[in-house]
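**Q** Sequence order for the protein chains is V and R.
Reading the first sequence from the start, the letters are residues 1 to 301 in my numbering.
Reading the second sequence from the start, the letters are residues 1 to 301 in my numbering.
Worth double-checking, as some hints may not be accurate.
Because identical chains cannot be distinguished in the list, a pair is counted as satisfied if it fits within a single copy or across any two copies.
Said to hold, decoys possible - Taking lysine to aspartate or glutamate pairs in the EDC-like style, the calculated list, with each CA pair at most 20 angstroms apart, reads:
| # | residue 1 | residue 2 |
| --- | --- | --- |
| 1 | K9 | D282 |
| 2 | K9 | D90 |
| 3 | K35 | D282 |
Quick caveat, the hints were computed from the structure, so don't treat them as lab data.
Number of protein chains: 2
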Amino acid sequence: MTCELAFIKALRAMAGHPAARGLDDDCAVLDLGAKTLVLTHDAMAQGVHYPDAADPYDVAWKLVAVNMSDLAAKGAQPVGVLLGYMLGRDDVRFLEGLRAALDHFGAALLGGDTIAGPGPQVLGLTAIGRASHCPVPSRAGARAGDGLWVTGALGAAMLGFEALESGSGDSTAYRRPQARLAEGKALAPRVTAMMDISDGLLLDAWRMAEASGLTLSIDSGSVPIAASEARRADALRWGDDYELLFTAPAGTDLPVPAFRIGEAAERTNESPLLLDGLPITDPTGLGYQHKNDRETQVPPS
Amino acid sequence: MTCELAFIKALRAMAGHPAARGLDDDCAVLDLGAKTLVLTHDAMAQGVHYPDAADPYDVAWKLVAVNMSDLAAKGAQPVGVLLGYMLGRDDVRFLEGLRAALDHFGAALLGGDTIAGPGPQVLGLTAIGRASHCPVPSRAGARAGDGLWVTGALGAAMLGFEALESGSGDSTAYRRPQARLAEGKALAPRVTAMMDISDGLLLDAWRMAEASGLTLSIDSGSVPIAASEARRADALRWGDDYELLFTAPAGTDLPVPAFRIGEAAERTNESPLLLDGLPITDPTGLGYQHKNDRETQVPPS
């Protein structure tokens with residue numbers, strides 16, 4: 001077994017604790033009686049999750065932001081992080097980005113471990129948040145008849161990545177992603193399912209549909225995009241925008257701006273996803289894929 | 001700045017949250033009102049913290065055990081872990097060791113992240129425990145007049161490492177370290193300071209003395225060792241035994257077997273450590289050292 005998905009499947013079989021949510025959610029949710037904690041861990045490897053030449057400031061920012069986005073999807077308030085740091089090219093610059101990101105998202109540095117390693121840098125961050133609403137939203141709660149919404153335009157990170165690659169244009173959206181923490185908190189009491197879009201709208205919607213055991217229909221024309229119309233198909237498949245994707249009963253009074261892009265229905269055939277009425281039966285090409293050896297940064301369109 | 005210690009110092013300056021304990025303790029201690037959580041994260045790199053040829057079962061075991069030992073030093077009851085896993089040589093074997101270790105220590109798999117990376121494997125584990133006693137013991141609480149104890153014999157991991165290297169003898173103590181969880185819980189209400197011995201008795205005692213702002217005197221002859229008398233000096237400097245080192249008021253009725261090896265006194269000179277009455281003013285050579293580029297596995301004796 002060398003495949004990431006096979007490993008994750010085997011891990012999943014071990015994760016019987018209710019807080020683990022079958023490893024099928026963005027976070028672990030630990031019920032402590034009076035309080036509920038939300039825990040998430042993301043790892044990033046140089047050359048896979050960020051380019052060798054990336055500014056360490058941006059690497060630190062992204063490491064924090066992707067974890068904060070997982071907390072946002074649970075409606076959680078950040079408490080703090082534990083950092084697993086491997087010394088790299090410019091540790092001072094990394095620390096500057098770390099401090100800026102932690103300040104920005106309101107998370108404290110609580111602990112961690114610093115090591116030296118012989119190969120490319122690998123980083124890990126565990127983020128801890130306090131649930132603001134119980135039950136804590138999951139990916140699995142969508143119900144037939146629900147509407148499907150997204151909190152903002154997609155494709156900004158794609159354009160930012162391309163700007164960075166070409167050396168012209170604004171790459172901020174790619175280098176310094178935001179996390180929808182305020183929106184997640186406001187939405188948590190209203191949604192039936194919620195997750196962040198880290199790997200592309202279509203792939204993440206597929207995952208929500210699979211977790212919820214139903215079919216999500218998306219009207220691609222109604223998805224807000226930050227790119228030109230010619231790039232719509234790409235924007236639906238590109239990751240790193242970290243908007244929230246959620247379902248709620250049709251007619252729900254939403255506390256934050258959001259765009260309705262589709263709805264949930266009973267699964268009537270094999271397909272978890274209908275795109276403009278066409279059933280999609282294979283997630284390949286929908287977004288960031290996990291391959292046998294590497295994750296791909298740019299999804300096929 | 002390429003040095004691990006310099007990086008840690010800079011991190012420390014950022015860690016103002018009381019739960020972080022100034023990054024000067026084995027764990028973060030998060031007070032949630034009715035409950036207190038103890039959080040720790042350790043990272044391990046192939047070729048640095050474990051040999052390239054190590055059995056992945058043992059790697060998983062050690063990754064879990066070192067974190068459990070940090071919880072033990074806080075008197076905490078394991079709750080669960082989040083795993084940052086980079087795919088490696090034999091992921092099935094790693095999973096077997098992970099499952100065995102989690103079962104053994106009573107910790108649930110709660111979440112994490114699995115990635116593929118281009119270089120040597122780097123692993124991270126965050127462990128979460130529930131404090132059994134508040135205030136949660138720290139390294140910093142030793143008081144002049146306290147006795148200094150250790151929960152068991154040192155040097156077993158050293159002999160195990162040598163058995164593994166030579167291919168003859170029992171290497172279990174090195175490959176499958178234990179964590180003194182039951183002892184830590186029993187001791188937590190009685191100790192003034194406590195930590196686990198991961199990097200060698202003398203170096204870790206030095207750290208406790210520095211954190212507590214006093215001098216610890218150790219009578220080397222009274223330290224229980226698992227090796228022959230000829231190896232006593234080595235056993236005092238070798239890590240990986242994961243016994244608990246603690247101080248308590250002289251005359252304390254200890255709830256578990258432990259060996260008194262010295263005492264704490266006011267700092268009267270520059271030296272945090274007196275070994276058989278001789279002041280030690282430089283921690284170099286006391287145990288596992290953090291060097292500029294690599295950690296060394298075998299400390300100088």
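**Q** State the violated hints by number, sorted upward, taking the hints as numbered earlier in the document.
**A** 3
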